[in-house]
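K.L.:
These are the residues of each chain, in order.
There are 2 protein chains.
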Amino acid sequence: MSARNAFYAQSGGVTAVINATACGVIETARKHKDKIRNVYAGRNGIIGALVEDMIDTNKESAKTIAALRHTPGGAFGSARYKLKSLEENKAEYERLIEVFKAHDIGYFFYNGGNDSMDTAHKVSLISKRMGFPVTCLGVPKTVDNDLPITDNCPGFGSVAKYVAVSTQEAALDVLSMAKTSTKVFVLEVMGRHAGWIAAAGGLAGKEPGDAPHIILFPEIPFNQRAFLKRVKECVTKYDYCVIVVSEGAAYKNGKFLAEAGTRDAFGHAQLGGVAPVVANMVREKLGYKYHYAVADYLQRSARHIASATDVKQAYAVGEAAVKMALAGKTAVMPVIKRISDKPYRWKIESAPLSRIANKEKMLPRRYITKDGFGITAAARRYLEPLIRGEDYPPYINGLPKYVTLKNAPVKPRLKTKFVV
Amino acid sequence: MSARNAFYAQSGGVTAVINATACGVIETARKHKDKIRNVYAGRNGIIGALVEDMIDTNKESAKTIAALRHTPGGAFGSARYKLKSLEENKAEYERLIEVFKAHDIGYFFYNGGNDSMDTAHKVSLISKRMGFPVTCLGVPKTVDNDLPITDNCPGFGSVAKYVAVSTQEAALDVLSMAKTSTKVFVLEVMGRHAGWIAAAGGLAGKEPGDAPHIILFPEIPFNQRAFLKRVKECVTKYDYCVIVVSEGAAYKNGKFLAEAGTRDAFGHAQLGGVAPVVANMVREKLGYKYHYAVADYLQRSARHIASATDVKQAYAVGEAAVKMALAGKTAVMPVIKRISDKPYRWKIESAPLSRIANKEKMLPRRYITKDGFGITAAARRYLEPLIRGEDYPPYINGLPKYVTLKNAPVKPRLKTKFVV
Numbered sequence: 023m024s025a026r027n028a029f030y031a032q033s034g035g036v037t038a039v040i041n042a043t044a045c046g047v048i049e050t051a052r053k054h055k056d057k058i059r060n061v062y063a064g065r066n067g068i069i070g071a072l073v074e075d076m077i078d079t080n081k082e083s084a085k086t087i088a089a090l091r092h093t094p095g096g097a098f099g100s101a102r103y104k105l106k107s108l109e110e111n112k113a114e115y116e117r118l119i120e121v122f123k124a125h126d127i128g129y130f131f132y133n134g135g136n137d138s139m140d141t142a143h144k145v146s147l148i149s150k151r152m153g154f155p156v157t158c159l160g161v162p163k164t165v166d167n168d169l170p171i172t173d174n175c176p177g178f179g180s181v182a183k184y185v186a187v188s189t190q191e192a193a194l195d196v197l198s199m200a201k202t203s204t205k206v207f208v209l210e211v212m213g214r215h216a217g218w219i220a221a222a223g224g225l226a227g228k229e230p231g232d233a234p235h236i237i238l239f240p241e242i243p244f245n246q247r248a249f250l251k252r253v254k255e256c257v258t259k260y261d262y263c264v265i266v267v268s269e270g271a272a273y274k275n276g277k278f279l280a281e282a283g284t285r286d287a288f289g290h291a292q293l294g295g296v297a298p299v300v301a302n303m304v305r306e307k308l309g310y311k312y313h314y315a316v317a318d319y320l321q322r323s324a325r326h327i328a329s330a331t332d333v334k335q336a337y338a339v340g341e342a343a344v345k346m347a348l349a350g351k352t353a354v355m356p357v358i359k360r361i362s363d364k365p366y367r368w369k370i371e372s373a374p375l376s377r378i379a380n381k382e383k384m385l386p387r388r389y390i391t392k393d394g395f396g397i398t399a400a401a402r403r404y405l406e407p408l409i410r411g412e413d414y415p416p417y418i419n420g421l422p423k424y425v426t427l428k429n430a431p432v433k434p435r436l437k438t439k440f441v442v
Numbered sequence: 023m024s025a026r027n028a029f030y031a032q033s034g035g036v037t038a039v040i041n042a043t044a045c046g047v048i049e050t051a052r053k054h055k056d057k058i059r060n061v062y063a064g065r066n067g068i069i070g071a072l073v074e075d076m077i078d079t080n081k082e083s084a085k086t087i088a089a090l091r092h093t094p095g096g097a098f099g100s101a102r103y104k105l106k107s108l109e110e111n112k113a114e115y116e117r118l119i120e121v122f123k124a125h126d127i128g129y130f131f132y133n134g135g136n137d138s139m140d141t142a143h144k145v146s147l148i149s150k151r152m153g154f155p156v157t158c159l160g161v162p163k164t165v166d167n168d169l170p171i172t173d174n175c176p177g178f179g180s181v182a183k184y185v186a187v188s189t190q191e192a193a194l195d196v197l198s199m200a201k202t203s204t205k206v207f208v209l210e211v212m213g214r215h216a217g218w219i220a221a222a223g224g225l226a227g228k229e230p231g232d233a234p235h236i237i238l239f240p241e242i243p244f245n246q247r248a249f250l251k252r253v254k255e256c257v258t259k260y261d262y263c264v265i266v267v268s269e270g271a272a273y274k275n276g277k278f279l280a281e282a283g284t285r286d287a288f289g290h291a292q293l294g295g296v297a298p299v300v301a302n303m304v305r306e307k308l309g310y311k312y313h314y315a316v317a318d319y320l321q322r323s324a325r326h327i328a329s330a331t332d333v334k335q336a337y338a339v340g341e342a343a344v345k346m347a348l349a350g351k352t353a354v355m356p357v358i359k360r361i362s363d364k365p366y367r368w369k370i371e372s373a374p375l376s377r378i379a380n381k382e383k384m385l386p387r388r389y390i391t392k393d394g395f396g397i398t399a400a401a402r403r404y405l406e407p408l409i410r411g412e413d414y415p416p417y418i419n420g421l422p423k424y425v426t427l428k429n430a431p432v433k434p435r436l437k438t439k440f441v442v
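Note that the protein sequences, when read in sequence, are chains S and G.
The numbering used here applies: residue 23 is where the first sequence begins, and numbers increase by one.
The numbering used here applies: residue 23 is where the second sequence begins, and numbers increase by one.
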């Protein structure tokens with residue numbers, strides 16, 4: 023069989039290590055030029071394929087591709103763009119296959135979360151049905167850590183490390199000042215549905231009394247009375263209280279705390295974060311001085327404090343996806359299988375996309391303490407290896423030396439335009 | 023002259039490197055046991071002296087003291103506590119001297135910002151007047167970088183590095199997603215009066231079009247029309263817009279943007295950050311999807327990404343303060359004198375506290391571009407060396423290994439209690 027092209031796309035929210043996966047895909051493909059002629063990357067994810075705006079990665083030097091390993095963000099552009107079902111929008115799938123055909127693309131690597139695994143799965147089915155079978159591989163990526171089967175998701179370890187380190191550092195700051203200044207500090211972290219990231223904040227403390235004193239998980243309905251009681255206890259006992267709150271923290275009725283009815287001067291409902299809501303609650307009910315931080319994109323782009331484990335795994339899933347494709351596997355995703363906790367050992371296996379698509383893995387209840395405010399020993403055992411090791415980027419003049427690609431376009435071959 | 027004791031206190035907001043200064047003071051004092059018997063540290067800053075709750079640093083091992091160099095926060099506790107004028111509260115000064123006398127304290131090292139330099143200066147004058155002359159040294163510390171005479175302030179370089187790196191990383195994230203998601207990203211940084219920290223965000227970009235596209239300084243009155251025009255231009259031209267805003271950004275009439283009249287569901291005025299105000303403005307007037315981050319304490323406690331230059335200088339001012347004291351100098355502060363930009367060279371000199379106390383050094387207008395939204399080449403020349411170099415803390419199991427001191431109390435010698 024002669025060599026064919028591959029298409030690689032980044033999907034959904036980017037991470038500190040998604041480019042490490044791209045690096046794994048491209049470097050591994052380059053070792054098999056007899057099978058993969060070129061890796062085309064979607065400019066802005068799958069949209070790049072639909073509008074036939076692909077990037078010629080053969081135009082990038084080996085050195086540049088290697089530098090992707092330490093560069094955060096999505097080097098080719100990502101997209102929040104979910105293909106509809108075949109019934110709703112057949113034209114999109116047909117267009118995709120049409121573009122793949124025109125560019126002799128025999129391999130599709132889709133680097134994303136649940137939605138993307140669904141898309142990759144569908145493309146695999148439809149390409150066969152349309153008489154142009156494409157080898158479709160999902161490649162896992164999500165800071166939310168919510169993909170099933172895989173023990174963890176590339177992208178999560180680094181955001182977990184960022185949140186744990188930041189909690190630890192801010193706690194030292196707050197404790198130093200608690201006598202005369204801020205008593206309560208609130209850190210808002212990502213995770214709208216699953217509390218994995220918030221749980222990682224718990225790694226900052228080991229002894230009773232250590233920060234964070236309270237974690238607010240999306241999985242545990244918010245109980246204001248119990249929360250305020252605990253804040254007061256902490257301030258009384260330890261002089262300060264550090265709270266890590268997930269953006270997805272919600273009341274029993276499912277209403278997000280962040281939607282607490284805050285209005286601006288004109289009476290417009292204000293889209294705010296959850297941290298100011300929690301902080302204001304503490305001030306109003308308990309009168310403590312507070313500060314809050316909203317980590318937002320800083321947490322998922324913080325390549326400067328990436329977890330070495332995460333970087334290794336992000337690369338490994340990219341590499342494995344190409345190897346699986348070349349071995350004839352399709353409609354699968356490389357998954358991380360944990361062999362042991364101590365010492366931490368893992369390997370890559372494959373799992374069918376049909377078992378992964380559209381499923382969410384929530385933080386198990388046994389990872390949350392009985393009172394709902396902390397993490398258990400089991401959670402620590404799971405989380406600790408994932409943040410282990412530092413993998414610093416190179417620096418120049420005090421700043422990380424991140425790479426920018428040429429991102430040269432592949433010449434379009436179709437006459438038709440497609441509008442997304 | 024026989025050996026006497028020294029008193030060291032941390033004052034005001036702590037930083038990622040104030041403990042490196044403490045390390046410099048204590049290690050240097052330990053080399054001169056013939057002159058300085060012990061360094062007592064104030065528990066919670068100057069309050070520790072007033073209530074006679076001091077920490078015996080001789081109880082800490084050399085290894086522990088060395089570890090202060092890489093530990094953020096204030097290891098002995100700091101305080102926001104400004105001694106009033108002598109007329110207003112003579113009792114406080116008398117008490118201080120009484121405690122110094124009871125513990126044979128001949129040296130006072132006060133590690134803080136403008137207010138603390140004023141206090142150190144006053145204590146020097148009063149101790150003489152009271153017939154118990156104490157050698158008083160100010161030791162500079164402030165993330166705000168607003169002390170006069172010294173070229174820069176220990177603490178600033180690390181927060182500057184954090185802000186520059188975070189801006190650079192978040193910008194890569196936003197740019198990757200701009201096609202289908204967030205177009206405007208706002209990062210709120212510290213600096214209520216001076217825009218030094220906001221200016222540091224400007225280091226993230228070098229070429230036209232690079233993020234940050236807009237910096238909002240406290241020194242430049244906020245002009246909503248010009249601001250929104252610029253945001254629109256950036257999104258049109260570059261697909262995205264990254265904004266670094268100082269918490270001190272204000273309207274021409276002096277009103278902070280953060281006091282924009284936001285009210286909660288009950289109609290109470292809400293103390294919010296400036297980032298959500300700016301972000302909501304963009305959404306309301308231009309309709310762009312936005313995200314915002316509030317760095318808050320994370321920025322000044324981020325020892326994991328401290329500037330090596332800053333750590334070195336923080337240690338050096340502590341060391342120099344002790345040497346100056348032993349050389350008979352009093353009522354002075356070690357200042358950093360820049361000898362050259364390229365290569366960056368600096369040395370420590372001394373300056374009288376009377377010239378430093380209660381004075382603020384603002385960001386010069388020539389460091390801000392004509393349009394008020396960016397930094398000039400002169401600003402870059404000044405700022406770049408200050409963030410240079412990485413000085414990573416040691417890690418264990420994925421987290422920085424920060425030190426906790428014993429903080430054993432010095433036995434009180436006075437019968438009287440003092441209430442602050």
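Treat the hints with care, since some could be wrong.
The list cannot tell twin chains apart, which means a pair is met if one copy fits it or any two copies do.
[Claimed, not checked] Straight-line distance between alpha carbons at most 27 Å, and here's what the computed DSSO-like set of lysine-lysine pairs gives:
#: 1; residue 1: 57; residue 2: 334
#: 2; residue 1: 201; residue 2: 437
#: 3; residue 1: 428; residue 2: 259
#: 4; residue 1: 55; residue 2: 381
#: 5; residue 1: 439; residue 2: 383
#: 6; residue 1: 228; residue 2: 428
#: 7; residue 1: 144; residue 2: 307
#: 8; residue 1: 277; residue 2: 439
No wet-lab data here; the hints were simulated from the structure.
K.L.:
Treating 27 Å as the Cα threshold, decide for residue 439 and residue 383: within, between, both or neither.
P.N.:
neither (39 Å within a copy, 58 Å between copies)
K.L.:
Give the relationship of residue 228 and residue 428 under a CA distance limit of 27 Å: within one copy only, between copies only, both, or neither.
P.N.:
Classified as between: cross-chain Cα gap 18 Å, same-chain 46 Å, threshold 27 Å.
K.L.:
Give the relationship of residue 144 and residue 307 under a CA distance limit of 27 Å: within one copy only, between copies only, both, or neither.
P.N.:
neither (52 Å within a copy, 40 Å between copies)
K.L.:
Checking an output row: residue 55 and residue 381, CA cutoff 27 Å. Within, between, both or neither?
P.N.:
neither (35 Å within a copy, 67 Å between copies)
K.L.:
Since the copies are identical, ignore which copy is meant and state whether residue 277 and residue 439 lie within 27 Å (CA to CA) inside a copy, between copies, both or neither.
P.N.:
neither (43 Å within a copy, 52 Å between copies)
K.L.:
Is it within, between, both, or neither for residue 428 and residue 259, if the alpha carbons may be no more than 27 Å apart?
P.N.:
between (57 Å within a copy, 18 Å between copies)
K.L.:
With 27 Å as the alpha-carbon cut-off, assign the pair residue 57 and residue 334 to within, between, both or neither.
P.N.:
Within one copy, since 25 Å is at most 27 Å while 53 Å is not.
K.L.:
Indicate which option fits the pair residue 201, residue 437 if close means a Cα-Cα distance not exceeding 27 Å: within, between, both or neither.
P.N.:
between (71 Å within a copy, 23 Å between copies)
Checked against the numbered hints given earlier, this structure breaks hints 4, 5, 7 and 8; the rest are met.
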